[in-house]
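6 protein chains.
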Amino acid sequence: MYAVNVRDHFMIAHSFRGAVFGPAQRLHGATYVVDLELRRPELDADGIVVDIGLATETLRAVLAELNFRNLDEDPAFGGRNTTTEFMARVIFDRIAARIAGGALGPHAGGLTQMRVALHESHVAWAAYEGALPAVAA
Amino acid sequence: MYAVNVRDHFMIAHSFRGAVFGPAQRLHGATYVVDLELRRPELDADGIVVDIGLATETLRAVLAELNFRNLDEDPAFGGRNTTTEFMARVIFDRIAARIAGGALGPHAGGLTQMRVALHESHVAWAAYEGALPAVAA
Amino acid sequence: MYAVNVRDHFMIAHSFRGAVFGPAQRLHGATYVVDLELRRPELDADGIVVDIGLATETLRAVLAELNFRNLDEDPAFGGRNTTTEFMARVIFDRIAARIAGGALGPHAGGLTQMRVALHESHVAWAAYEGALPAVAA
Amino acid sequence: MYAVNVRDHFMIAHSFRGAVFGPAQRLHGATYVVDLELRRPELDADGIVVDIGLATETLRAVLAELNFRNLDEDPAFGGRNTTTEFMARVIFDRIAARIAGGALGPHAGGLTQMRVALHESHVAWAAYEGALPAVAA
Amino acid sequence: MYAVNVRDHFMIAHSFRGAVFGPAQRLHGATYVVDLELRRPELDADGIVVDIGLATETLRAVLAELNFRNLDEDPAFGGRNTTTEFMARVIFDRIAARIAGGALGPHAGGLTQMRVALHESHVAWAAYEGALPAVAA
Amino acid sequence: MYAVNVRDHFMIAHSFRGAVFGPAQRLHGATYVVDLELRRPELDADGIVVDIGLATETLRAVLAELNFRNLDEDPAFGGRNTTTEFMARVIFDRIAARIAGGALGPHAGGLTQMRVALHESHVAWAAYEGALPAVAA
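Residue numbers (numbering that gives the first Met the number 0), protein chains in the order written: chain A, 0 to 136; chain B, 0 to 136; chain C, 0 to 136; chain D, 0 to 136; chain E, 0 to 136; chain F, 0 to 136.
Bound-form chain A, shown alone (with noise of 0.2 Å):
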C-alpha cells in the first residue's frame, strides 16, 4: 500500500459540554495541524499517488471553512462537542465528499483509504481513518 500526506493547520476557538471536559468547558481556542495522509494500492501512470497540488489546495479550502472561526456558532455542528477527534472525522467527511466531486482530479478513483489527524499541543492528537467510496474514474 502507497501513502501520501500534506500537512496545514487551522486555528479556532470552541468550548465544551460535559463534565468530563473541566476547564475545558470555557470558551477556549486550539491550533490544529492537520496531516491529510492519502493511500493506494498501485501507483497511477504518472506514478503518484495523488496530485499533491490538489491535494493541498483541496486541504486548504477545507480547512478555510474552519479557520479563523468560533465553532460554538458554527450551525453545522448542531451544539455537538466540536473536539479534536470529532473535528478529524468532520475535515475527512468534507474531503470525502470533494474527492467524490473530482477535487483531486482523474485519477483520484483509485484512491482506497484516508486517515486526517490533528496535532492540538506537543503531547496529544487524534485521527479518523477509513475506506473511501469506489470513484467512477
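Worth flagging that the hints you see were computed from the coordinates, not collected in a lab. The structure presented is a predicted model; accordingly, all values stated were derived computationally and were not measured. Where hints are given, some of them may not hold.
As the list claims (entries may be wrong) - Partner residues are not named here, just some residues of chain D that face chain A (Cβ under 7 Å, in silico):
hint, residue
1, R79
2, V122
3, A123
4, A126
5, Y127
6, E128
Cβ atoms here follow ideal geometry from the backbone N, Cα and C, with glycine treated the same way.
We have chain A; now place chains B, C, D, E and F onto it with these hints.
Positioned in the frame of chain A, the structure of chains B, C, D, E and F alone reads:
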C-alpha cells in the same frame, strides 16, 4: 476508526545480555518519550475517544513505576533484556490492566485497540500494538 | 553561558483589532507550546542552571492563569491585542516576578537572562527575551 | 504486533515528466529523511524485533546507492518518474532483497511486515508498506 | 528583544567544487526548510513585530526565485558553491532588500535584526544572521 | 554571523547527589540528542563554515567516549553531578580541544563561537555556548 494519542516520558538505566547488543551490554540508560494511542470505531456520547485527562494520568502512573530506576534491578523483568520493544509491551500490558480495572472511566469499554510507542532518540523508536479485550461497561 | 529549557502549553480564545490581522479579527483561538529558557554564566553548587522541577512548576502556574480562557475578557490585557509576541512578553514578565519572589529557590539569583518562546503552529512562533534583574540570594 | 524504526537520509537531483508536476518538471532535487519500520508478531530470543545495528547498516547501504546522485541518469529507473512514493517502493524492494539475502541476521525470518516512509519537507511525506515474504531461518 | 519566525521550504539541484565536498561534488539536490526570524526591541502600535502575512508572502516570493531549479545554472551565483550557509546569506540579502523596498509594510522600520536558517535534513542546518539597516518609516 | 549545526546522540546511566534532584538521586539514565553549532563571521574559500564531514566525525568521536557508559564510574567527572548542562560544557570543552588540535581541518581557525545543546526529552534541554580561542591557521 478514531484514535487519540497522549505523550509523556521516563528515564531509566539498564544493560543488555547477548553479543547482538555490542557496547549496549554495558550499563547505560535511555530517555523514552512514550506515545499512548487509543482507538475505537465510534465516539462516546460526549464526542470523545477517551477522557484525555484520565488517559494522561494513567500513562503517568504506569511510567512512574519505571521512571528514574535501574531496570536491571527490577524483579518484574526477571533478568530479561529490557529492550525498547520489550518495554513497549510491558507498558501496553500495564495500561491494558488498568483499563480493565476502570482507570479510563465508564465509557472506556468502547476502546478496541491500543498502541504504545517508545522513542529512544531522534533516529530510533519501537512500538507494540494490539487489541484491547472487551470490557463490561 | 549555560541555558536550560522546559516546555509546556496552553490553549486560549481571542480576537484581534486592526486591518493588519485580516480574518484573525474574528474570534478564534490557538494552542501555544511554550519554551521557557533560563541562562546563567556559571552553574550553582549542585551543578545546575536551575531546579528544573521548580522551573516546570513555575511555568505551569503562570500558564494556568491563561489556560482555557478567552483572552478578550481578561481585564489584565485592557483591550490590547494579545498577539503571540505580546503574550511571550506577558509570560516573561510574570515569570520574572515569580523569580524575584523566590519561586525558583535560593540559587536562582545567578540567573541573568530569560527567553520565552510561543509556538503557535508548525510554521510560526514568536519570542521575547531579556535580562533578569539581579536578585538578592 | 511489534515494530522497530530506524531513520537516515539521502539527497538527490531529479526532474519529472507530465503536466501534473508543474514547475517540478524542471531539474531540481530533494532531501529525503527515510524511516524504515520492521514488524513481527513476537520478539526473538534476545527480546528484539531486529538487530538494530544491522537494520541501520542495511538502510545506509541501500541509501548509499542513491545518495548524491541525479536520479534522471540512473538506468535502474528507466525514465520513470522518481516520485517520493515511487522511491519509497524502490527502497522497500531493495531492503526486502537484502533481508532475503540474510543482511539482518539469522532471526530476521520472523519479520512479517515492512514500511518505508520518505519525508521530503516539513509538510509532505510518502510511504510504501507491505508484507515481507517468509524467509527460511 | 522580540522575535517572530515563519517557515517555508524550497527544493533545488546543485553540485559543489572542491575536494572537501567528497561525493557531494556530483550533481545532487536538497530540500531546504527555511526559518525566517525577524527581531525588534519594541512592538508596533498593533502589538506585533511584523505583519505575519506580509512576512510569509515575502519569504515565499524569495524562495520562488530558487524553487525547483538547478542552482548550478543560475547566473546569480557565478559558479560559487551554493552551500547551505551560502544560500542562507543569499536569502538574507534578498529579504533585506525587499524590506528596504517596503515589502513588510509601513511599520517594518522598527526591525533591527534578522536570521535565516536552512534545515537540510534531520541532522544538519545552517544559518546567517545580522543587523537590518535602519529604514525610513 | 554564519552557523552550521550537526546532530548526533548518546545514551548513558548516572545518578545525582543533592536533595534538589528528588527521585533522580537514584541510578537512572538518559538519551541525549546533541546539537553542535559552529559559528564564524565569514565563510572560507570553499564557501563553508566548516567541513561538515569532519564536524560530524569529531562530534561522534567525543560522544563515543561517553556512549553506553555509567557516568558515575567515569573518573573524569570526579564525583560531580553529571547534569545535562554540565555535560553540555564537558562536550564543549572536549570539542574545543580537538578543534585546537586540528580536527576540523586547516580553515577551522576562522571559527569564533560554539554552542552545544543536549536534548534530554521532548520537554527539556540544556546548552553551553562560548567563544572559541583563536587558532593559528
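Consistency of the hints with the structure:
1. R79: 6 Å, holds
2. V122: Interface hint status for V122(D): holds (4 Å vs cutoff 7 Å).
3. A123: Since chain A brings a Cβ to about 5 Å from A123(D), closer than 7 Å, the hint holds.
4. A126: 5 Å, holds
5. Y127: Holds, about 5 Å.
6. E128: 6 Å, holds
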